[in-house]
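K.L.:
For reference, the chains in residue letters:
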Amino acid sequence: MNTTSADATRLAGAKPAARRFHEFRPLNIGRWLVWSAYALVLLVAPLIFSSSLSQTMLTQMGIAIIVCLSYNMLLGQGGMLSFGHAVYSGMGAFIAIHALNFIGKGVLPLPVSLLPLVGGAAGALTAVLFGYVTTKKAATPFAMITLGIGELIFAMALMFPDFFGGEGGISSNRVVGSKPFGITFGPQIQLYYLIALYTFICTGLMFAFTRTPLGRMLNAVRDNPERVEFVGYDTRKVRYIAFIIAGFFAGISGGLAALNFEIVTSEVVSGARSGAYLLFTFLGGATFFFGPIIGAILMVMAFVLLSELTKAWLLYLGLVFLFMVMYAPGGIASLIMMNLRVASFGRLKELWVSYLALAGTALITLLGAAGMIEMVYHLKLNAALGPELTFLGVPLNAQGADSWVGCVLVMATGLGLFEVCRRTFKAQWGRIQEDIEKEIKRREALA
Amino acid sequence: MLHIDNLHAFYGKSHVLHGVEFEVNEGEIVALLGRNGSGRSTTAKAIMGMVDCTGTVDWKGSHIRGMKPYEIAHLGIGYVPENRDIFPKLTVHQNLLLGQKGTRQKGRWSFDDMYGMFPRLKERQHTEAGVLSGGEQQMLTLCRTLMGDPDLIIIDEPTEGLAPKIVELVGEYLKKLKDRGISVLLIEQKLTIAMQISDRALVMGHGSIVFQGTPETLRQDAYIRKEWLEV
Amino acid sequence: MEFFTISLLNGISYGLLLFMLSSGLTLIFSMMGVLNFAHASFYMLGAYFAFGTSQLVGFWPALVISPLLVGGLGALFERYCLRRVHKFGHVPELLITFGLSFIVLEVVQLIWGTSSVDYRVPALLSGPLFTLYGTQFPIYRAFMMFVALLMLLAIWLLLTRTRIGLVIQAALTHPETVEALGHNVPRVFMMVFGGGAALAGLAGVIGGNAFVTEPGMAGAVGPVIFVVVVVGGMGSLAGAFVASLAIGIIQTFAVGIDSSLMGAASTIGLNLTPDSFGYTLWKLKISQIAPILPFMFLVLMLIFRPKGLLGTREG
Amino acid sequence: MSVPALELKDLRKSFGRTEIIRGANLSVQAGERVAVIGPNGAGKSTLFNLISGRFPATSGEVLLHGQRIDGKKPFEINRLGLSRSFQITNIFPKLSVFENLRCGVLWSLGYRYTFLKFLADLDDANERAEQLLHMIKLERKRDVLAMNLTYAEQRALEIGITIAGGASVILLDEPTAGMSKSETKRFIDLIKEVTVGKTLLTVEHDMGVVFGLADKIAVVVYGEVIAFDTPDRVRANQRVQEAYLGSSVADAQAGGH
Amino acid sequence: QAKSPMAGQTVRIAFMDPLSGPFANVGQNQLKSWQFAAERLSGANNPAGVKFEVVGFDNKGSPQESLNTLKAAIDQGFRYVTQGNGSGAGLAIEDAVEKFNDRNPGKELIYFNYAAVDPSMTNEKCSYWHFRLDADTSMKMEALTTLMKDQPQLKSVYIIGQNYSHGQQVAKYFKEDLARKRPDIKIAGEDLHPIGQVKDFSPYVAKIKQSGAQAIVTGNWGQDLTLLVKAMNDAGLKIPMYTYYAGVTGTPTALAAGGESEVYMVAYNHSNFSTGEIGGIVNDFKKKFNDDYYTFATYNGLKLLGAAIAKAGSAEPAKVAKALEGLSVKSFAGDVTMRASDHQLQQTMFIDKWQKVDKAHPYSVENTGYTFAPIKEFAPYVSSTPTSCQMKRPSAG
Ligand SMILES: Nc1ncnc2c1ncn2[C@@H]1O[C@H](COP(=O)(O)OP(=O)(O)OP(=O)(O)O)[C@@H](O)[C@H]1O
Ligand SMILES: Nc1ncnc2c1ncn2[C@@H]1O[C@H](COP(=O)(O)OP(=O)(O)OP(=O)(O)O)[C@@H](O)[C@H]1O
Ligand SMILES: CC(C)C[C@H](N)C(=O)O
Ligand SMILES: [Mg+2]
Ligand SMILES: [Mg+2]
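Protein chains in written order, with this note's numbering: chain A, 82 to 528; chain B, 6 to 236; chain C, 43 to 357; chain D, 103 to 359; chain E, 38 to 434.
To be clear, the hints were calculated from the coordinates, so they are not data collected in a lab. Every residue, glycine too, gets a C-beta built ideally from N, C-alpha and C. Check the hints yourself; a few may be wrong.
[To be verified] Capping the alpha-carbon separation at 16 Å, the derived lysine to aspartate or glutamate pairs in EDC-like fashion look like this:
#, chain 1, residue 1, chain 2, residue 2
1, D, K287, D, E255
2, C, K325, A, D243
3, D, K174, A, D315
4, A, K522, D, E241
5, B, K183, B, D156
6, B, K18, A, D516
7, D, K175, A, E307
8, B, K18, A, E515
9, B, K106, C, E218
10, B, K231, D, E285
11, A, K318, D, E178
12, A, K461, E, D328
13, C, K327, E, E227
14, B, K183, B, E31
[As the list claims (entries may be wrong)] Per label pair, the in silico range of CB-to-CB distance:
#, chain 1, residue 1, chain 2, residue 2, range
15, E, K393, A, S132, 52 to 58 Å
16, D, E344, B, E177, 17 to 23 Å
17, D, R242, B, H79, 41 to 47 Å
18, B, H79, C, L199, 23 to 29 Å
19, D, E229, A, K260, 48 to 54 Å
20, E, S425, A, K260, 30 to 36 Å
[What the hints assert, rightly or not] To be clear about the criterion: a stretch of chain C counts as covered by chain B if any three or more of its residues have a C-beta under 8 Å from a C-beta of chain B, and this derived list gives those stretches:
#, region
21, 204-210
22, 217-229
The following block holds chain A by itself, in its conformation from the complex (with noise of 0.2 Å):
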């Protein structure tokens, strides 16, 4: 109980000045409007992207899309840094890819589109076992167990073959069992329904928990744990409930994960794992519920199409989080709610000319300095193949002055009108929310 709350509320890692604008909440009937339009992206994403690669992205977008929410009923609403929550989602895949093997074998009568319960189940176990001992704890003493328990998990998964396979994992088949209505799972596309009608119930359930009792108290106990002991709640047992139910979802994404890869091997567990949902949780948007939603489709994005995009894709990565987190420690998430308080406020279309400015500016800026990363990339990487790339269809030569010259141009001219949007920006942003201000003490005064 030494922790201040001053502790407490930063570890939570919410941005004071982007939590003003919570008071943005859509009515009900908008509450309906987005439900409905999350379930027709769910279901026509695939009819629109087609491709076999991208109908391996979406389902891992869903699964993603689980884990990272439950990662975030710790890190959002929880104010618990978790640094093992593969270890989690991990167990339960584990778990559930041996149950389809016993399904294979005919030993376990279920159907394969509940094994992501076993999962689930997993999950939940997995968490009342290591919950007990972590949530004693909470800031940083939380975070560094959570961290010392998945380092063990891992070293261990690879010292015992039997269970997590050593390093070939444990691979199943999952057009086993009954076959209702013809649905084997054996096609990615009745596979991505299956994992896309989890993905609805479980963000469902997900968002329903933030509206319950323990749901809110869970918030009380990430701003303020010690005020909670004076309302009547003990605060280890808040964190270990929804430390287990956060596993639960999170062995559920580990289900559909050993469904959907028929494999399971010793990485699903490790802290590379747990580090990349922390990161896309971030990114995403911990402060508000839909940002982890954004961080886990970036997340399969960046890692499925970056890096096949560019050798630099780490790089990128990097570049990413240093500006998203010095510029918009909110997350994405934040960045959205901010334009749409100004939406509300009917201001928002003074700004997109402005927008366009700054993107396009970016934009150019962006190329230049890719173009030299590229070169730079091909030059020690690839230089054997000859000077010359081709970078976005514009051929360059590496070693060619004329190609660094232009990359310097392009990016300095971008670098300065983006400068100057910028500041207009700046200034017209400021006069908007200067106006909103106001507008919200009228109202107040009015009520």
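Starting from the structure of chain A, add chains B, C, D and E with the ligands where the hints point.
P.N.:
Relative to the frame of chain A, chains B, C, D and E with the ligands by itself:
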């Protein structure tokens, strides 16, 4: 010594001080009175360079507006913030140590002076300041600032949460400061000691000075008291 | 006796090495409360810079130049990145160092390639210092121990002879008040972060050739140095020192212990066969888990004594 | 005499080697309003911390309605019907005012750790929270985040959370600290209003508040309760005069109301 | 030579291995090796006259990511995939290819495994569509223990390895083979340590010294190998060390930095082939990239593929797979044969010794001034091991 003219201060976009002007002379206790939210603390922060402001703030004849807080502190202005900003994880002694600006320079005040002033602090010397009682914390902040050997000390609501006897004690010590040639800008809202010890009183309302005069005149000016100090 | 002496020597020297690696982190973590995930990256930079500069000017100048360069980079990072996010809290601080570690890794690979570089121990320091029971003790290891002790001394002086530690701790909760008392808080923060980075850099100069200088070296030491800092007690230099030695010695001796739970079970008359439940777990020897003992330590420590060995606070 | 609402029996507390509370005895009857006064550092807040379970006592007993509560956790004590506020504002900064209050009422209405019901459907809890909102006069700030409230509003919210659970014994630690005279006055009325029929203990330095609010005054000096009596008798008490009152400041404060 | 009907056709191979992250160095070297060999063996240089094209996909060393890259490759129309770095990813690909071919008849893929050496891939988990070009752990151990059979002075050996499937398998096969060939050799001790977790190997060295072993056998690779060697040098423990992976990118440099040491490596190649087609590749690769060409399996793989396409008269994987079974081609060290029963290539094995370059062995590995010199050569039958593979073969065709 301290001369303030046409001072405007802002929190982001909200304009809090509207052209404040007053002076504090050498060896003088000036009380700055006013209701909650009238802008007294903001004035103090503006002098210390802790908020955005425009206008003139002169100290011993040189402009100090726009300087960093630590530079201003080095010029000899001490600030005792409101709401007891003690450093909770440091011991009482360490808190006092941080009041000193450099390790070398010898000031008017020693640790012993401080402990002599409030024996309670001496007893609690090696305790974490965070667990001190509310009143003890208040004493500590005052002493901490004195350790920096200021020529002018700005005290924001020092008697808050102090037992009546201690309030009186603080009043006496402020007078002692004055005797040692230190100027005091005392921010208060309960008139109790302010009226007794100050040489001059200022009343602030809505971000500007609405009254200047001796405590005596203020006591007589029922209108000002009613309009700007009480309900 | 022979085995014991040598193991003790190995344990102490490994412990000192751990301390060398984590001292900068302790400094930053204890003072600024920043979980600097890029600490190991600074360590790596130190090694690569030393490799680069020692090719030009030799090892001894590199020993000085390289930490200074790393410290400078650390200070710049604090000045232009970390400082901006400080006000948002610990999680963003941690994430920004996370981001930095990606960038450093990529840049290192771009400049020095993806495989290990040939960074060697200088001739003066290679070879054995003395031979004990037929086992050599290398000079370089002694040098490493010496530097670790120097680091301890330097940080200790910094903490006890100056008020920097107090200023920073106070500034963590009340930066404005500390400034109003006349302390240039931003500069102190920058110096401390730069100093911590420089210590990591120095560890890199020395660890880089003692071990392997390659892009994976940061990832390899990353987690374990956190263990040292936490087990020792956040905010406690002495704790970090004791924890390093304890971990070093225990881990070293654990390698020599070949008993397992199965052995323990059989002494109480329980016979486990390969078919019994969890056989692989039972037959696991202590020597097999020696390298991950630190993490067990960490978990147990946080459960039973969250302040750490010599720490005073939990958060 | 009926069972006292709150009783302290030879309560002691040491931090390290210093004994801060040195055998405090006190017996408060149900429905009494007690002001706890005493010099700075006398141990008033510590006493509250011991009663509410924030610190464990070194020795001695605390009885709530005759039941021993020393050694229990804060949340257990709270569930038994004792609630407290803090000298330094202690609210949920990132929740709205309404949510702050609702957090205060949930346990007492039996919702415990449930996650199978929607908050929006808990009519009784919502009604109670709205009611509290009116009582502390923050209706207009209903959806404002607590951290964006002014200081006085935060203090009011602090009290609101404290009384939210409907506890029968309420401890307030310097509820009016940092408020102006007019606000203080309004606040005393508020406290009186919301604690009707409850047992109230409050720490105060402002004699005006003390005499305006209390049925009885307990004087804590150096970790002991040296006097516990009606205001007039306490004022007349010689020891109290020496230790605490007896200054022009106190007189001025007391005269103010 | 009659012109092949396939001439001029392009055969595209998707290479999936880590191209970023901690193992990027190995992956990038191997991608270059594939591309270089493909360039050399295209057109007239293969009996089918086809052009080989190798495109790199970054699987980040992760089994799951490998499945994504596999999907990406399939989307882009690749029918041949190759991978080698790590058996984890290898098993994932083997399994996924099997399933894909099962579910998508007519669109089959072939997987060339050039370095993933887990024996299970050609035993209990074997697949018709998987062809391994490297020698697996058991074969290498067969060669190694055969060498020991001829070293009567060797009396006790210490075995140390990483505690994961590869390290465990090395230990297991070593003990089995030794029991068969040299039951008199004592196993002085056995240590399995967590992979990538040990920073300081001196405690292990002390333990080895204590045990009085005359030699060390280890399957360690990367840091775990170099740090072990360094710790031995530091402590002055000068006993020979038998390894699997002393030649992997980065390790030689680190070995050299640690000074002289007695390290043996068992492999299907060595660094001093300077003549013939392979000699040209090795030397020109070095000239072009200033990097070592050590993944000779790329050469064998393309040789086999070319021959199989010519034999099948088609580049259709279903037909090529059939043609590959039992196929024999002439390679850099005699003939190599793709055993039909388990799709494990049978080839000559070498024991290489780490030593300073000399006249007979001039090739400087990673420009360190050291080289791997062959000290022993075993004909394919010596290291051949039995298989438990029960292959599911496609019914038609
Ligand atoms: N950090 C801040 N951001 C925005 N507005 C602020 C901030 N601090 C104070 N204000 C506003 O500035 C005005 C003046 O505040 P100030 O603290 O100077 O008043 P005060 O006279 O010291 O009153 P108090 O008795 O509350 O200390 C108030 O309206 C207050 O709401
Ligand atoms: N956790 C602790 N550790 C050590 N000393 C403590 C601790 N908590 C309180 N004290 C000491 O106990 C004494 C009594 O403190 P307490 O806060 O109860 O005083 P108080 O009567 O409330 O005074 P005030 O009116 O000034 O608030 C103080 O001297 C304080 O320093
Ligand atoms: C990178 C390689 C040395 C990995 C090795 N092929 C293995 O199976 O683990
Ligand atoms: Mg104020
Ligand atoms: Mg108190």
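K.L.:
Compare the structure with each hint and give your call.
P.N.:
Evaluation of the provided hints:
Between K287(D) and E255(D) the alpha-carbon distance is near 14 Å, which keeps this suggested pair within the 16 Å criterion. For the suggested pair K325(C) and D243(A), the alpha carbons sit about 13 Å apart, so the restraint of at most 16 Å is met. Distance restraint check for K174(D) and D315(A): the Cα-Cα separation of roughly 12 Å lies within the 16 Å cut-off, and the hinted pair is therefore satisfied. At roughly 15 Å between alpha-carbon atoms, K522(A) and E241(D) fall within 16 Å of each other, so this suggested pair holds.
Taking the CA atoms of K183(B) and D156(B), the gap is about 10 Å. The hint holds against a cut of 16 Å. A threshold of 16 Å between alpha carbons decides the hint, and for K18(B) with D516(A) the separation of about 10 Å falls inside it, so the pair holds. The suggested pairing of K175(D) with E307(A) holds, with an alpha-carbon distance near 12 Å, which does not exceed 16 Å. The suggested pairing of K18(B) with E515(A) holds, with an alpha-carbon distance near 7 Å, which does not exceed 16 Å.
Distance restraint check for K106(B) and E218(C): the Cα-Cα separation of roughly 15 Å lies within the 16 Å cut-off, and the hinted pair is therefore satisfied. Simply put, K231(B) and E285(D) have alpha-carbon atoms about 14 Å apart, close enough for the 16 Å limit, and the pair holds. Proposed proximity of K318(A) and E178(D) is supported: the alpha carbons are some 13 Å apart, at most 16 Å. Simply put, K461(A) and D328(E) have alpha-carbon atoms about 13 Å apart, close enough for the 16 Å limit, and the pair holds.
For the proposed pair K327(C) and E227(E), the alpha carbon gap of about 11 Å is at most 16 Å, so the pair holds. Restraint check for K183(B) and E31(B): satisfied, since their Cα atoms lie roughly 9 Å apart, inside the 16 Å limit. The beta-carbon spacing between K393(E) and S132(A), approximately 54 Å, falls within the hinted interval of 52 to 58 Å. Remark: the range hint 17 to 23 Å for E344(D) to E177(B) is upheld by a beta-carbon distance near 18 Å.
Take R242(D) and H79(B): their Cβ atoms lie about 45 Å apart, and the range 41 to 47 Å holds. For the pair H79(B) and L199(C), the beta carbons lie near 25 Å from each other, so the given range of 23 to 29 Å is met. Roughly 52 Å separates the CB atoms of E229(D) and K260(A), a value that falls within the hinted 48 to 54 Å. A beta carbon spacing of about 32 Å between S425(E) and K260(A) agrees with the range 30 to 36 Å that was offered as a hint.
Only when three residues or more bring their CB closer than 8 Å to a CB of chain B does the claim for the region 204-210 of chain C stand; here the count is 4, and the claim holds. With 10 residues bearing a CB less than 8 Å from a CB of chain B, the region 217-229 of chain C meets the requirement of three and the coverage assertion stands.
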